[in-house]
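J.: Line order of the protein sequences matches chains A and W. Under our numbering, the first residue of the first sequence carries the number 30, and numbering increases by one thereafter. Under our numbering, the first residue of the second sequence carries the number 30, and numbering increases by one thereafter.
These are calculated hints, taken from the structure and not from any lab test. One thing to keep in mind: the hints can contain errors.
Claimed, not checked - With a straight-line Cα cutoff of 20 Å, these simulated PhoX-like cross-link-like pairs (lysine-lysine) come out: (1) A:LYS668 - W:LYS239; (2) W:LYS651 - A:LYS651; (3) A:LYS668 - W:LYS668.
As the list claims (entries may be wrong) - Sample of chain W residues facing chain A (criterion: CB under 10 Å; computed from the structure): (4) PHE455; (5) SER576; (6) SER595.
Every residue, glycine too, gets a C-beta built ideally from N, C-alpha and C.
Number of protein chains: 2
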Amino acid sequence: MRTMLLTPQVHFAGGYPQLVSLTATNLDTLCINTIRGLAIDAVQKANSGHPGMPMGAAPMAYALWTRHLKHNPKNPCWFDRDRFVLSAGHGSMLIYSLLHLTGYDLTLDDLKSFRQLHSRTPGHPENHMTPGVEMATGPLGQGISTAVGMAIAEQFLAATYNKPGHDIIDHFTYGICSDGDLMEGVSSEAASLAGHLQLGKLIFLYDDNKISIDGSTDITFTEDVAKRFEAYGWHTVHVDGMDFEAVDRAITEARQVIDRPSLILARTTIGFGSPNKAGTSKSHGAPLGPDEVNLSKQALGIPLEPTFYVDPAAQDEFMKAVCVGAEQEEAWDIRFGAYAGAYPEEAAQLKKAIAGDLGKAWLESLPSIEQNIATRKSGNIVLEAIQDALPTLIGGAADLVESTFTHQSHSADFQPGSYAGKNIDFGVREHAMIAAANGITLHGATRGFGSSFFIFTDYCRPSIRLAALMQCPTIMVFTHDSIGLGEDGPTHQPIEHLASLRAMPNLNLIRPCDGNETAAAWKIALESKQTPTMLVLSRQNLEPLTSNDVRNHPLERGAYVLVEASADPKVILVATGSEVGISLKAARALEAEGIPTRLVSMPSWFLFERQSAEYRTSTLPKGVPTLSIEAGSSFGWSKYATDSLAVDRVGLSAPSNVAMAEFGFTVENVANRAKALL
Amino acid sequence: MRTMLLTPQVHFAGGYPQLVSLTATNLDTLCINTIRGLAIDAVQKANSGHPGMPMGAAPMAYALWTRHLKHNPKNPCWFDRDRFVLSAGHGSMLIYSLLHLTGYDLTLDDLKSFRQLHSRTPGHPENHMTPGVEMATGPLGQGISTAVGMAIAEQFLAATYNKPGHDIIDHFTYGICSDGDLMEGVSSEAASLAGHLQLGKLIFLYDDNKISIDGSTDITFTEDVAKRFEAYGWHTVHVDGMDFEAVDRAITEARQVIDRPSLILARTTIGFGSPNKAGTSKSHGAPLGPDEVNLSKQALGIPLEPTFYVDPAAQDEFMKAVCVGAEQEEAWDIRFGAYAGAYPEEAAQLKKAIAGDLGKAWLESLPSIEQNIATRKSGNIVLEAIQDALPTLIGGAADLVESTFTHQSHSADFQPGSYAGKNIDFGVREHAMIAAANGITLHGATRGFGSSFFIFTDYCRPSIRLAALMQCPTIMVFTHDSIGLGEDGPTHQPIEHLASLRAMPNLNLIRPCDGNETAAAWKIALESKQTPTMLVLSRQNLEPLTSNDVRNHPLERGAYVLVEASADPKVILVATGSEVGISLKAARALEAEGIPTRLVSMPSWFLFERQSAEYRTSTLPKGVPTLSIEAGSSFGWSKYATDSLAVDRVGLSAPSNVAMAEFGFTVENVANRAKALL
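Okay, chain A solo, but in the shape it has when bound (with noise of 0.2 Å):
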């Protein structure tokens, strides 16, 4: 078997390029072809998948995994190790087979059950799924941009608690990607945002291959890569991917560029090792099939039997990574004693940030809001409130802060010079603004949070079901929630957008009616644990209609009686947000008539949905006739209503009240709705 370690390069006709590296021992070359094997027969076993991407990046990664990548296999969660984002997640088993060599948990069998149900190598990474993966990606174009909010996390957490002698927080982010990620429009947005914050430790390799799914790039991305990135202010290098000493001393290069993010461009070749399909399309996205799996073996110096053939010198070598992890951990350890010895106060709050403790302080800050005011201000009051309480909680908004609210008066901007500062300024960029929100929350000890307006839930729409399918918590803040925004009219109006974003599975959206509620929703939003929170907030003032006792509020049951009937209700009228107000008046004027009129707030279906069903059917009761009002689609509300006052259709432009009253948003148009359900 080891025999054929003395065959580690081998020459195919036609030009195609040598296996290895002149320079590469017969070790590296092992290992490099073990990670490929183990990516030819897991995507064959599966008959699913894409093998060509791990065959082609196994160099850089060997280089990347073996040569800098600081991280314990033994504790995927130490806090200062290096984050890895693999943004080409269709080259899963790259990871997957990294991760099982260098001794994390995941087994052979792990691999061998690729793609299988409830297996622990899922066709694109999952964070949740396996240990190692930080997150999930596949959407291409996540991975880098989520990539950009580690990174954030990092420079921020360094600079608020790295003291002189004491580089408690001080790791790299690194990645790699793939020719689709740098097509897609988010890794543009992150990108710039990352060169304008210059982004340091943030270092990506692009797997360069020049082969997308339709065939040569040379149909659609011509364009010269390194130029844009210099131009958003990478440093950049090429260098031949297939050539894992000649990325190693790039990586070591980017490493000490250390006011620019780094964008290492490695030439490699698609299905390297395949001789019939390597450089080609056909090596993307199918197995090699069995003869040319055998082919490839035999090319690459792997025996044919058994398959899942790992060396044991090369695992020896890869699995040198859990000691010299284990060392990194421990003096990382002795370090941060030294610096808890040193700064008591800081090495404590920065421990119960890593723990994800937040602490009661906040809980205690949180205000009662009795204001004539947007939720879009009460959201601002809340933050403002509870921002010394939470000192890691960072976020920002996409051009929009003036119109969101969501500063935070006593920190600086997210600047270079300023790494402190919580306020983080996206730029016009929603979808690297909630890819780089997920991605602080992902690297803990930080909290992320970005804010637009509810429209622009469009723009970022990937992100957002990212963050819901990664059971990561950030918090979104979208205002402008509807027709009553006014004069800007159709295209800035929402109307399908609550509907369309409760069908998310895992995202727990909440539109508040008043100041109070929205307290109650920022509380929420920063207890949850696993799911992200979307406050939908107003721009038109609304008035205080609900208990401030907003530690204990019952929005936390997402739908509640607000108002009882003064009989038995005859007539329910459920109601959100800005409509809640309109729907109160209504019902009073119903009772006034002799109507029993019950009002129920409905802030969240999400936590509505989680109550017990008793509480559902007592709160909205099947028999009874039921009129929703709420400024957006219909679509949904059949469920709970028998009839709907909404918009279904696209809104118009003109001044708020106009626009609701256009559209039926009357105390009185609600209360003959209601009445006509009689």
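Starting from the structure of chain A, add chain W where the hints point.
T.: Frame of chain A, contents of chain W only:
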């Protein structure tokens, strides 16, 4: 009144730039300031809007509209006009002023009702509200990206129909964009695509005012934009945007660069003319206020009263567009006549295309499909069958044409040097793809389509919504439509997407259950004039189930009884797409157990909800227990179903049949769930 003509040059203290170019004539200055005055007054009267952009961009707009733009104000639909897109749609008063001044059907009274209910001057431009507005803008980045599609259409039509000596199709696509436009990822995708495609007749002016809503772009946007666009392959030039003659020269130069799109980076002062707000974000998104209005008018030499003042000399100058435009169209008519004489067949075909007349040949070619194949493959059979009959139907995929099967095999790829190709390789750029497809459709004579995986509707949602809002019948083909796609797992499995898109006003989402429904869906899509259609297709094979009369298929009613119960139905199964097949088997099993069961196929909620109440009630009567079966979120189904077999969590990575079974999509489970309703 006319004396202000003599005071065009005003200087401010504090290094304020001079108000006009030293070489500008008084008349030019007057015209430019007239645009500014109308914008100032309209925003002030509405007490809402964005005055700063029109005030800063007036010189470049003046240069473009009076020295270059080929258009006929009295016939905004003249086919060979230059297209003009105000990508920075918040500066809507710029285009409204220009349209009014150059003689379009937009009166001073229209300007006075800016942002009011049912006015023709909504807050952001809307193509179907205002003659001369090519598309709705406001959501940033959409304008420039859609304009790329218009330029594609022009190149395609020119390559297809022009003959030696007969340049019948020969116009530019111009636009003005802002910082925000260029920060949005969609514009990066579109610019990279436009550079690759070498769209030389696309010319954008970048209103580089260094100000966004939250302040100076120094806080967010410090990249080298020119260098980035050069990396994409664009011609770029920097000019002083306040010097309209410099802009004029830059446009002239850009028109001569025919092998690359052009970006003219015009440095401007936002709110130019406002002594206290120019150059700051204070002039961006709010009225200047009465005092500053007066000060600005004084500075610009505009009389304070009457408001909305248009000097007759300026009016005369702008109105030259009417004569010039009429002459240009007349000359084109003559040229078209000569072309028609020489090439009668091509001329007739082009004329039909311009009129939006698809003819009948494609209908006759529409195939019946009786094979057990995936609906994505059925879609391919349809497209292949009708391609020759629809010579101006162009589109493609976002690097997934091998999976979406939207290639037209009788035609080449649309590439530089091959602009008559009907197949567009959009790259991994879903967002720019749908925006460009919208531009292709809006251009006229061409019909645009795009395709990708259904999950990636999230990536292009703003452009999907804009198609719906603009009443632009773009065709969208999205495949791999559920957990049924299998191993790629939750990042690739749509769950909430059916619900979230059904909720969108004026989008016709059709999820066909077999080949014949797919053919009928394509028919609906092609016949639609004001509604975009989204075809949602399976990855996996589906048996033929429905009528082969695809030209008169019951799918046109949105939902219909596919199999009637043997007696009065005791239970109704309503299903869509890939779930109709198992529901049919379940219905048979129920019937075998003596339970009369109706099966309703419901491919399109949009179409069903446009049927008569009688039809709807007879198809899905309220009183009968109804089970919906769809491999997606249950959200919304309460409207039609008593219970839903659905997927209300993220998916999982497993082979298709395993994933489907895991979520209960088996014949047995459907039958059991139905029986539980009895």
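J.: Decide if the proposed pair is consistent with the structure: LYS668 (chain A) and LYS239 (chain W), CA atoms, cutoff 20 Å inclusive.
T.: Judged against 20 Å, a Cα distance of about 49 Å means the pair is violated.
J.: Would you mind confirming whether the straight-line C-alpha gap from LYS651 (chain W) to LYS651 (chain A) stays at or under 20 Å?
T.: 15 Å, holds
J.: For a C-alpha distance cap of 20 Å, please report whether LYS668 (chain A) and LYS668 (chain W) respect it.
T.: 7 Å, holds
J.: For the hint on SER595 (chain W), just tell me whether its beta-carbon gets within less than 10 Å of chain A.
T.: Check failed: Cβ of SER595 (chain W) comes no nearer than 29 Å to chain A, outside 10 Å.
J.: Could you check if SER576 (chain W) really has its C-beta closer than 10 Å to a C-beta on chain A?
T.: 29 Å, violated
J.: Going by Cβ atoms only, is PHE455 (chain W) closer than 10 Å to chain A?
T.: PHE455 (chain W) check passes; min Cβ-Cβ to chain A is 7 Å, inside 10 Å.
Checked against the numbered hints above, the structure violates hints 1, 5 and 6; every other hint is satisfied.
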